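Engineer: Okay, here's what each chain looks like letter by letter:
2 protein chains.
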Amino acid sequence: MDNYAEIYKSELLNEVVPFWEQYSVDQKYGGYFTCITNKGVVYDTDKFMWLQARQIWMFATLYQKVKPNDAWKKMALHGADFLESHGRDTGGNWYFSLNQHGAPLVQPYNIFSDCFAAMAFSALHQIEPLAKYEQIAKSTFQNILNRRGNSKGKYNKVYPGTRNLQNFALPMILCNLSLEMEPILGSDTVQEVTQSVIDLIMNNFYQAQSGLVLENVSDEGKFVDSFEGRLLNPGHAIEAMWFIMNLGLRNKDYDLVKKAEQIMYQQLEHGWDQEYGGIFYFMDYKGHPPQQLEWDQKLWWVHLETLVALAKTYAWNKSPKAEAWFKRVHNYTWTHFRDKENGGEWYGYLNREGKVSLNLKGGKWKGCFHVPRALLEIWKTLEKVTENK
Amino acid sequence: MDNYAEIYKSELLNEVVPFWEQYSVDQKYGGYFTCITNKGVVYDTDKFMWLQARQIWMFATLYQKVKPNDAWKKMALHGADFLESHGRDTGGNWYFSLNQHGAPLVQPYNIFSDCFAAMAFSALHQIEPLAKYEQIAKSTFQNILNRRGNSKGKYNKVYPGTRNLQNFALPMILCNLSLEMEPILGSDTVQEVTQSVIDLIMNNFYQAQSGLVLENVSDEGKFVDSFEGRLLNPGHAIEAMWFIMNLGLRNKDYDLVKKAEQIMYQQLEHGWDQEYGGIFYFMDYKGHPPQQLEWDQKLWWVHLETLVALAKTYAWNKSPKAEAWFKRVHNYTWTHFRDKENGGEWYGYLNREGKVSLNLKGGKWKGCFHVPRALLEIWKTLEKVTENK
Numbered sequence: 001m002d003n004y005a006e007i008y009k010s011e012l013l014n015e016v017v018p019f020w021e022q023y024s025v026d027q028k029y030g031g032y033f034t035c036i037t038n039k040g041v042v043y044d045t046d047k048f049m050w051l052q053a054r055q056i057w058m059f060a061t062l063y064q065k066v067k068p069n070d071a072w073k074k075m076a077l078h079g080a081d082f083l084e085s086h087g088r089d090t091g092g093n094w095y096f097s098l099n100q101h102g103a104p105l106v107q108p109y110n111i112f113s114d115c116f117a118a119m120a121f122s123a124l125h126q127i128e129p130l131a132k133y134e135q136i137a138k139s140t141f142q143n144i145l146n147r148r149g150n151s152k153g154k155y156n157k158v159y160p161g162t163r164n165l166q167n168f169a170l171p172m173i174l175c176n177l178s179l180e181m182e183p184i185l186g187s188d189t190v191q192e193v194t195q196s197v198i199d200l201i202m203n204n205f206y207q208a209q210s211g212l213v214l215e216n217v218s219d220e221g222k223f224v225d226s227f228e229g230r231l232l233n234p235g236h237a238i239e240a241m242w243f244i245m246n247l248g249l250r251n252k253d254y255d256l257v258k259k260a261e262q263i264m265y266q267q268l269e270h271g272w273d274q275e276y277g278g279i280f281y282f283m284d285y286k287g288h289p290p291q292q293l294e295w296d297q298k299l300w301w302v303h304l305e306t307l308v309a310l311a312k313t314y315a316w317n318k319s320p321k322a323e324a325w326f327k328r329v330h331n332y333t334w335t336h337f338r339d340k341e342n343g344g345e346w347y348g349y350l351n352r353e354g355k356v357s358l359n360l361k362g363g364k365w366k367g368c369f370h371v372p373r374a375l376l377e378i379w380k381t382l383e384k385v386t387e388n389k
Numbered sequence: 001m002d003n004y005a006e007i008y009k010s011e012l013l014n015e016v017v018p019f020w021e022q023y024s025v026d027q028k029y030g031g032y033f034t035c036i037t038n039k040g041v042v043y044d045t046d047k048f049m050w051l052q053a054r055q056i057w058m059f060a061t062l063y064q065k066v067k068p069n070d071a072w073k074k075m076a077l078h079g080a081d082f083l084e085s086h087g088r089d090t091g092g093n094w095y096f097s098l099n100q101h102g103a104p105l106v107q108p109y110n111i112f113s114d115c116f117a118a119m120a121f122s123a124l125h126q127i128e129p130l131a132k133y134e135q136i137a138k139s140t141f142q143n144i145l146n147r148r149g150n151s152k153g154k155y156n157k158v159y160p161g162t163r164n165l166q167n168f169a170l171p172m173i174l175c176n177l178s179l180e181m182e183p184i185l186g187s188d189t190v191q192e193v194t195q196s197v198i199d200l201i202m203n204n205f206y207q208a209q210s211g212l213v214l215e216n217v218s219d220e221g222k223f224v225d226s227f228e229g230r231l232l233n234p235g236h237a238i239e240a241m242w243f244i245m246n247l248g249l250r251n252k253d254y255d256l257v258k259k260a261e262q263i264m265y266q267q268l269e270h271g272w273d274q275e276y277g278g279i280f281y282f283m284d285y286k287g288h289p290p291q292q293l294e295w296d297q298k299l300w301w302v303h304l305e306t307l308v309a310l311a312k313t314y315a316w317n318k319s320p321k322a323e324a325w326f327k328r329v330h331n332y333t334w335t336h337f338r339d340k341e342n343g344g345e346w347y348g349y350l351n352r353e354g355k356v357s358l359n360l361k362g363g364k365w366k367g368c369f370h371v372p373r374a375l376l377e378i379w380k381t382l383e384k385v386t387e388n389k
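Here the protein sequences come in this chain order: A and B.
269 is the number that our numbering gives to position 269 of the first sequence; each next residue is one higher, with no gaps.
236 is the number that our numbering gives to position 236 of the second sequence; each next residue is one higher, with no gaps.
It is worth saying that the hints were derived from the structure and are not from the lab.
Computed from a prediction, not measured in an experiment: that's the story for all the values here.
Check before you lean on any hint, since a few could be wrong.
Stated by the list, open to error - The calculated DSBU-like cross-link candidates involving lysine-lysine, where the alpha carbons are at most 30 angstroms apart (straight line), are:
#	chain 1	residue 1	chain 2	residue 2
1	B	355	A	355
2	A	355	B	364
3	A	154	B	364
4	A	152	B	154
5	B	132	B	157
6	B	364	A	222
7	A	152	B	152
8	A	252	A	65
9	B	154	A	154
10	B	9	B	286
11	A	152	B	364
12	A	384	A	340
13	B	286	A	364
14	A	364	B	9
15	B	380	B	73
16	A	154	B	152
17	A	157	B	157
18	B	355	A	340
19	B	154	A	364
Take these sequences, add in the hints, and give me the full structure.
Structural biologist: Structural data, given as structure tokens:
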């Protein structure tokens with residue numbers, strides 16, 4: 001496992017970060033372009049709050065964890081200025097998207113815009129400690145907690161009472177978000193928020209009998225036999241497990257780390273496509289046809305988050321199982337998602353057989369986040385293993 | 001083209017209709033099951049209003065247009081009883097879905113539930129002329145017209161004013177729905193509703209310069225360079241063209257029929273996959289990556305609606321072009337979607353290469369509708385050609 005840290009570092013600093021530096025800055029109206037082809041052409045200029053916020057977070061994090069490069073701080077501030085001016089409605093809720101000029105296009109129905117905004121301004125505050133950044137991060141975080149019960153508000157199309165479901169995504173994000181925001185939230189808040197969330201994930205979304213993590217459970221935390229209730233998203237569950245490993249290590253709760261490791265392997269083994277390799281995007285708990293037509297596609301973030309989980313596992317216990325799985329997923333990921341021809345950011349969407357199905361490097365749901373975050377996480381994680389030898 | 005009428009008739013009456021008769025009836029709670037695998041297993045019991053209503057319409061239409069088979073009338077009434085009891089909120093809006101027992105699951109955010117309910121009760125009224133069926137159909141139709149400006153109501157997530165778009169689907173459905181409902185709406189209403197809609201489709205959604213039909217245009221009927229604005233759905237546009245051919249023939253407006261034919265070919269030639277055959281599901285007006293991950297899949301309804309359009313064109317002008325395209329699409333469709341092993345209803349979802357990607361015959365969006373309706377339309381259309389020889 002000795003050479004991997006260097007490979008991941010080099011890809012991050014020589015290919016992926018320069019791609020976003022070169023193509024994503026909107027010098028005219030502020031913020032970032034994220035819809036960029038493999039040739040560097042900006043094919044759409046809308047600004048999606050998830051992706052704007054994630055890029056701010058990414059460059060602030062690079063500045064903090066790699067080196068204090070002024071260009072990176074400038075890049076983070078460039079996005080933050082745009083979001084600060086245009087990103088929120090009068091209630092402080094973050095829009096889903098704006099047009100190139102910053103006028104709102106889609107209402108704040110999606111609480112993950114708020115989650116990534118809180119994460120962005122919190123990270124920015126670490127490298128540029130202005131009170132306004134802390135205030136934005138804190139008030140957004142409070143707003144997320146307030147909206148938790150019905151995060152879609154009036155846009156929620158579910159008829160109340162017939163089949164109330166809890167979704168996995170928000171608890172999962174809160175694990176990571178609270179830890180990311182610990183410097184401004186304080187450790188008591190982190191402890192308080194994450195304790196109930198960890199319990200919910202490990203004892204309700206995780207179904208001990210089958211070993212699988214559900215995307216939606218009933219109000220009582222039980223399996224519900226419906227399209228939403230049967231839905232599995234192996235990559236999502238695996239990503240959550242490395243968030244929980246981080247929390248376990250922080251709290252020196254090594255049983256939790258072990259349980260997260262076990263659950264991670266269960267999702268990976270169940271989600272791995274024995275025929276063509278790679279991890280399925282969606283599956284059905286009972287093996288029925290999922291409603292998502294893209295269920296069998298291979299997505300970049302699923303594979304990169306799995307590599308992070310495996311690198312963390314390896315760093316934790318140096319097990320041959322972690323090493324073997326890391327190498328297997330590494331080979332699939334680097335062979336299929338990396339752009340051997342043009343370099344730069346990686347491809348995002350493959351068909352089941354592993355062929356690139358969209359020639360984009362960024363789009364409505366893919367920006368400067370999963371590839372660089374994973375490269376950074378894996379580099380730093382494996383570097384520590386080598387140093388400690 | 002002489003043998004096709006018989007082939008389509010036989011497939012309809014010996015395979016597809018018996019499949020739904022055998023597997024879809026919920027004897028216990030009423031209504032229909034639509035989530036059925038290729039082995040006839042019901043894998044989900046939710047009741048989706050689109051599909052419930054479409055099956056009522058289909059069996060009422062078979063009774064009226066094929067033969068007065070009591071079992072078909074009973075089947076239509078079986079669904080209608082369930083919808084009448086459970087399908088609407090207190091304002092007369094149709095829910096999107098109910099659970100097996102008939103309790104609402106998803107709110108009436110989707111006006112196409114109402115469109116298909118109006119079509120269902122109107123067709124039912126033709127074979128069982130009860131006043132209540134006429135009343136349900138008429139009041140639902142009026143409600144659709146009232147909701148037209150903002151059909152999603154409070155569930156609309158678009159921020160008003162920044163980029164208002166008109167969507168193609170409702171005008172397109174109204175062309176067919178009004179004609180279907182002519183017996184109870186009267187010809188003046190049909191004329192009034194369809195005139196403005198035809199104009200909108202042929203002069204705004206259809207872009208003469210490129211020859212392509214857009215899924216969304218601005219309030220002023222212009223192209224908008226955004227994901228929604230660039231979206232093409234060739235099958236949708238082709239289906240609309242056979243609705244418009246029907247209106248042209250009804251009004252003896254043969255220029256309109258000719259224009260619809262031309263537009264149909266333009267979408268078909270542009271949407272045809274030169275590499276693997278079949279018609280793409282979604283494309284981008286400028287050739288950019290679409291946001292829909294399933295863009296390159298081949299869907300049953302796209303191909304069946306294209307066959308209807310081609311059969312109608314052939315019946316109209318006997319052109320060698322219509323014949324050649326009909327045979328080409330027929331061969332692709334019958335080879336790939338028809339279930340050679342189990343018979344019955346056809347498969348719905350193929351990957352780009354033409355391999356079945358979901359082993360279902362029905363699901364959340366596929367029921368007893370496009371396959372039998374197309375088989376019936378093509379049979380009856382081509383039978384008339386042979387008779388008139």
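Engineer: A separate judgement is required for each hint: does it hold in the structure or not?
Structural biologist: Verification of the hints:
1. Note on residue 355/B and residue 355/A: the hinted pairing holds, with a Cα-Cα distance of about 15 angstroms set against a maximum of 30 angstroms.
2. Restraint check for residue 355/A and residue 364/B: satisfied, since their Cα atoms lie roughly 28 angstroms apart, inside the 30 angstroms limit.
3. Between residue 154/A and residue 364/B the alpha-carbon distance is near 24 angstroms, which keeps this suggested pair within the 30 angstroms criterion.
4. In summary, the hint linking residue 152/A to residue 154/B is supported, as the alpha carbons are separated by about 12 angstroms, within the 30 angstroms threshold.
5. With a C-alpha separation of about 35 angstroms, the suggested pair residue 132/B and residue 157/B falls outside the 30 angstroms cut-off, and the hint is violated.
6. Among the hinted pairs, residue 364/B with residue 222/A is consistent with the structure: their alpha-carbon atoms are about 23 angstroms apart, no more than 30 angstroms.
7. Using a Cα cut-off of 30 angstroms, the hinted pair residue 152/A and residue 152/B holds, with the two alpha carbons roughly 15 angstroms apart.
8. Using a Cα cut-off of 30 angstroms, the hinted pair residue 252/A and residue 65/A holds, with the two alpha carbons roughly 23 angstroms apart.
9. For the suggested pair residue 154/B and residue 154/A, the alpha carbons sit about 7 angstroms apart, so the restraint of at most 30 angstroms is met.
10. For a cut-off of 30 angstroms, the pair hint linking residue 9/B to residue 286/B is broken: about 40 angstroms separates their Cα positions.
11. Annotation: proposed proximity of residue 152/A to residue 364/B holds, straight-line Cα distance about 23 angstroms (limit 30 angstroms).
12. Simply put, residue 384/A and residue 340/A have alpha-carbon atoms about 28 angstroms apart, close enough for the 30 angstroms limit, and the pair holds.
13. Distance restraint check for residue 286/B and residue 364/A: the Cα-Cα separation of roughly 17 angstroms lies within the 30 angstroms cut-off, and the hinted pair is therefore satisfied.
14. Between residue 364/A and residue 9/B, the direct Cα distance comes to roughly 45 angstroms. Violation of the 30 angstroms bound is thereby established for this hinted pair.
15. Among the hinted pairs, residue 380/B with residue 73/B is consistent with the structure: their alpha-carbon atoms are about 20 angstroms apart, no more than 30 angstroms.
16. Restraint check for residue 154/A and residue 152/B: satisfied, since their Cα atoms lie roughly 12 angstroms apart, inside the 30 angstroms limit.
17. Annotation: proposed proximity of residue 157/A to residue 157/B holds, straight-line Cα distance about 11 angstroms (limit 30 angstroms).
18. Only pairs whose Cα atoms come within 30 angstroms are accepted, and residue 355/B paired with residue 340/A is accepted, the gap being roughly 28 angstroms.
19. Between the alpha carbons of residue 154/B and residue 364/A the distance comes to roughly 24 angstroms, so the proposed pair stays at or under 30 angstroms and holds.
The structure is inconsistent with the numbered hints 5, 10, 14, although it conforms to all the rest.
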